[in-house]
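Asker: Residues per chain are reported as follows:
2 protein chains.
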Amino acid sequence: MADEIKVFASASVTNVGPGFDIMGFALEEPGDEVTVRFSKIPGIRITNIKGDGENLPLEPEKNTAGASLISLAKYLGISEGIELEINKKMRIGSGLGSSAASAVASVFALNELSGRKLTKNQLLLHALEGEKITSGGTPHADNISACLFGGFVIVRSLSPVDVINIPTPENLYCVVITPFIEVSTAEARKVMPKEIPLETAVTQWGNIAGLVAGLMKGDFEIIKRSLKDVVSEPVRSKLIPGYEGIKNAALDAGAFGANISGSGPSVFALCESIETAKIIGEAMQTVVNSLNIESALYISKINQNGPRVI
Amino acid sequence: MADEIKVFASASVTNVGPGFDIMGFALEEPGDEVTVRFSKIPGIRITNIKGDGENLPLEPEKNTAGASLISLAKYLGISEGIELEINKKMRIGSGLGSSAASAVASVFALNELSGRKLTKNQLLLHALEGEKITSGGTPHADNISACLFGGFVIVRSLSPVDVINIPTPENLYCVVITPFIEVSTAEARKVMPKEIPLETAVTQWGNIAGLVAGLMKGDFEIIKRSLKDVVSEPVRSKLIPGYEGIKNAALDAGAFGANISGSGPSVFALCESIETAKIIGEAMQTVVNSLNIESALYISKINQNGPRVI
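If you read the protein sequences in the order shown, they are chains A and B. Every number in my numbering is 127 more than the matching position in the first sequence, counting from 1. Every number in my numbering is 127 more than the matching position in the second sequence, counting from 1.
Just so you know, not all the hints are guaranteed correct.
[As the list claims (entries may be wrong)] The calculated EDC-like cross-link candidates involving lysine to aspartate or glutamate, where the alpha carbons are at most 16 Å apart (straight line), are: (1) B:K351 / A:D289; (2) A:K428 / A:E399; (3) B:K355 / B:E371; (4) A:K317 / B:D346; (5) B:K216 / B:E160; (6) A:K355 / B:D289; (7) B:K317 / A:E371; (8) A:K351 / B:D289; (9) B:K321 / B:D379; (10) B:K189 / B:E212; (11) B:K351 / B:D379; (12) A:K321 / A:E360; (13) B:K321 / A:E322; (14) B:K355 / A:D289; (15) A:K321 / B:E326; (16) B:K355 / B:E326; (17) B:K216 / B:E181; (18) A:K216 / A:D179; (19) A:K216 / A:E155; (20) B:K321 / A:E326; (21) A:K321 / B:E322.
[What the hints assert, rightly or not] Residues of chain B placed beyond 12 Å of chain A at every Cβ, according to the derived structure: (22) K177; (23) G204; (24) L285; (25) N292; (26) N298; (27) A313; (28) P320; (29) E371; (30) E399.
Honestly, the hints are just simulated from the structure, not real lab data. Remember, predicted model here, so these are calculated numbers, not experimental data. The C-beta atom is built at its ideal place from N, Cα and C for all residues, glycine as well.
Take these sequences, add in the hints, and give me the full structure.
Answerer: In structure tokens:
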């Protein structure tokens with residue numbers, strides 16, 4: 128058995144329009160890379176954090192990836208020392224599940240290194256231990272589930288965890304733009320209303336029902352009609368400068384729909400070909416550029432497989 | 128071309144647990160029968176209402192089936208006289224879409240008689256004209272859509288009308304019990320909260336997303352976990368005497384789930400075989416009997432086709 132393994136786990140888009148807090152999907156890029164190796168030095172140590180992670184804690188119990196590893200190592204009864212290196216290849220706090228990617232990559236890596244004893248459902252619970260750190264209590268499983276399983280997922284329930292995979296249509300492309308601004312997750316939570324009108328809720332669950340049906344039928348027209356969010360977008364979009372312009376640019380360029388990824392500031396759009404995706408990406412970035420905000424642009428198919436050994 | 132046609136259109140279950148106001152499915156029985164015939168006497172006349180319809184208005188513009196026919200006849204430019212006979216073979220106000228069944232049967236019949244010029248999507252709009260009478264303004268399209276298209280439907284939007292058919296799993300059986308009590312639709316609307324906590328709404332849309340996925344995958348375990356309603360059942364169940372006992376009897380007897388059909392008082396349960404359906408039906412009816420309430424019991428597969436000429 129190898130002593131060292133390197134794993135890539137990808138960014139994920141969550142909320143997905145009407146699926147606030149219950150839906151996510153995995154991208155092919157960007158993503159984080161981690162290296163996990165057994166060591167003669169006892170305990171779990173984070174030996175290096177590269178990329179956009181210079182402010183992240185090196186103490187494993189305070190680090191999402193570290194805490195996930197601690198949980199899994201304990202469960203597997205691993206007595207050897209473990210070293211973790213994290214290469215964060217995406218921006219932290221961009222609404223693309225950066226902490227989830229590092230946590231998933233870490234538990235996936237340790238499971239591979241230990242003879243692949245656990246299923247993804249079991250790994251999910253350990254990766255969630257990491258999310259508890261960033262969420263301050265109640266973790267959300269949407270980024271982790273999408274990142275770990277790949278494809279589109281519904282997180283129907285967190286207690287007990289119930290993740291439902293749904294098939295992804297062929298030829299579905301995602302464009303993501305990450306403006307280099309900060310949107311605090313806490314602020315994004317705070318702007319959400321505590322109560323919503325029943326009528327608004329009915330519209331939202333009609334749309335999520337339609338979106339799931341559209342995805343499973345592979346019917347882009349249904350996806351287009353259903354990818355609408357009357358609950359979070361109206362309030363959260365105000366935290367993203369130029370949001371309306373970015374979204375409209377995507378729609379005008381041929382996107383089925385566009386919305387905020389997670390709690391932002393990343394904005395995603397879905398479409399049906401790589402050519403359209405490139406045009407959409409350019410159109411979105413032109414709007415962001417015009418605001419004198421730097422950004423990163425990603426064009427990717429849906430990642431169907433979750434993390435991979437590299 | 129024939130001068131007369133007889134059509135059966137079935138009862139439908141709406142709301143379907145988490146799908147409040149957006150989901151429905153069609154039963155094989157009970158249902159209404161209508162006869163539509165061309166006549167030398169000008170105008171549209173309802174010549175007979177049999178069955179549980181003695182209090183229904185004979186004036187076509189005040190009758191849901193009559194109003195639907197008026198709308199369709201006008202659209203088709205039919206100048207001949209039309210006679211309509213309605214045989215209501217299910218209880219009015221039972222939560223099974225009785226008025227929708229008569230309206231759908233009527234427009235379906237006239238379309239057949241006139242050379243099948245319109246699609247079901249077009250017929251839907253005319254059947255909705257009838258529902259405007261019972262709803263007092265804003266009609267709901269869930270019963271009509273389920274009854275007209277058959278199978279499970281999502282009514283994603285009413286304006287414009289957007290009905291999405293979803294495939295029904297093989298071997299899905301529905302048990303419906305109709306206690307002979309009255310639950311006013313207006314009262315059932317009134318008890319619904321105007322606002323709901325966001326957290327509750329998220330739970331509900333996680334469940335509807337799961338239910339759609341479960342139905343489309345034909346995965347009974349997912350259906351079972353998802354067929355939960357945290358919005359309408361808690362308040363509407365209080366309008367149905369013995370509801371908790373009826374539901375628990377169904378679940379104990381092997382149902383995936385049970386809930387109120389429409390605004391009640393009918394209660395439906397889903398299960399995976401005719402044998403289990405019979406046991407569930409007996410168990411539900413035993414509870415209703417113990418309350419000295421008469422009832423009707425229906426066991427049926429999902430009606431996949433909508434109305435039929437008989």
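Asker: Check the non-interface label on E371 (chain B): least C-beta distance to chain A beyond 12 Å or not.
Answerer: With a cut-off of 12 Å, E371 (chain B) remains clear of chain A, as the shortest Cβ separation is near 22 Å.
Asker: Regarding the pair K321 (chain A) and E322 (chain B), is the alpha-carbon distance no greater than 16 Å?
Answerer: Roughly 10 Å between the alpha carbons, so the hint for K321 (chain A) and E322 (chain B) holds.
Asker: Taking only the CA atoms, is the gap from K216 (chain B) to E160 (chain B) under or equal to 16 Å?
Answerer: Roughly 7 Å between the alpha carbons, so the hint for K216 (chain B) and E160 (chain B) holds.
Asker: Run the distance test for K428 (chain A) versus E399 (chain A): straight-line Cα separation, threshold 16 Å.
Answerer: Since the Cα atoms of K428 (chain A) and E399 (chain A) sit roughly 10 Å apart, the hinted pair holds (cutoff 16 Å).
Asker: Taking the minimum C-beta separation from A313 (chain B) to chain A, is that value above 12 Å?
Answerer: 16 Å, holds
Asker: K216 (chain B) and E181 (chain B): Cα distance at most 16 Å?
Answerer: Holds, at roughly 12 Å.
Asker: Is the claim that P320 (chain B) lies outside the interface with chain A correct, judged by CB distances over 12 Å?
Answerer: 6 Å, violated
Asker: Check whether the Cα positions of K355 (chain B) and E371 (chain B) lie no farther apart than 16 Å.
Answerer: Answer holds: K355 (chain B) to E371 (chain B) is near 14 Å, not above 16 Å.
Asker: Can you confirm whether the C-alpha distance between K355 (chain B) and E326 (chain B) stays at or below 16 Å?
Answerer: 15 Å, holds
Asker: Measure nothing beyond the straight line between the CA atoms of K351 (chain B) and D379 (chain B); if it is 16 Å or shorter, mark the hint as holding.
Answerer: 13 Å, holds
Asker: Is the Cα-Cα distance between K321 (chain A) and E326 (chain B) 16 Å or less?
Answerer: Cα-Cα ~8 Å, so holds.
Asker: Is the Cα-Cα distance between K355 (chain B) and D289 (chain A) 16 Å or less?
Answerer: Distance ~14 Å between K355 (chain B) and D289 (chain A) Cα, so the pair holds.
When held up to the earlier numbered hints, the structure conflicts with 4, 7, 9, 24, 25 and 28 and fits the remainder.
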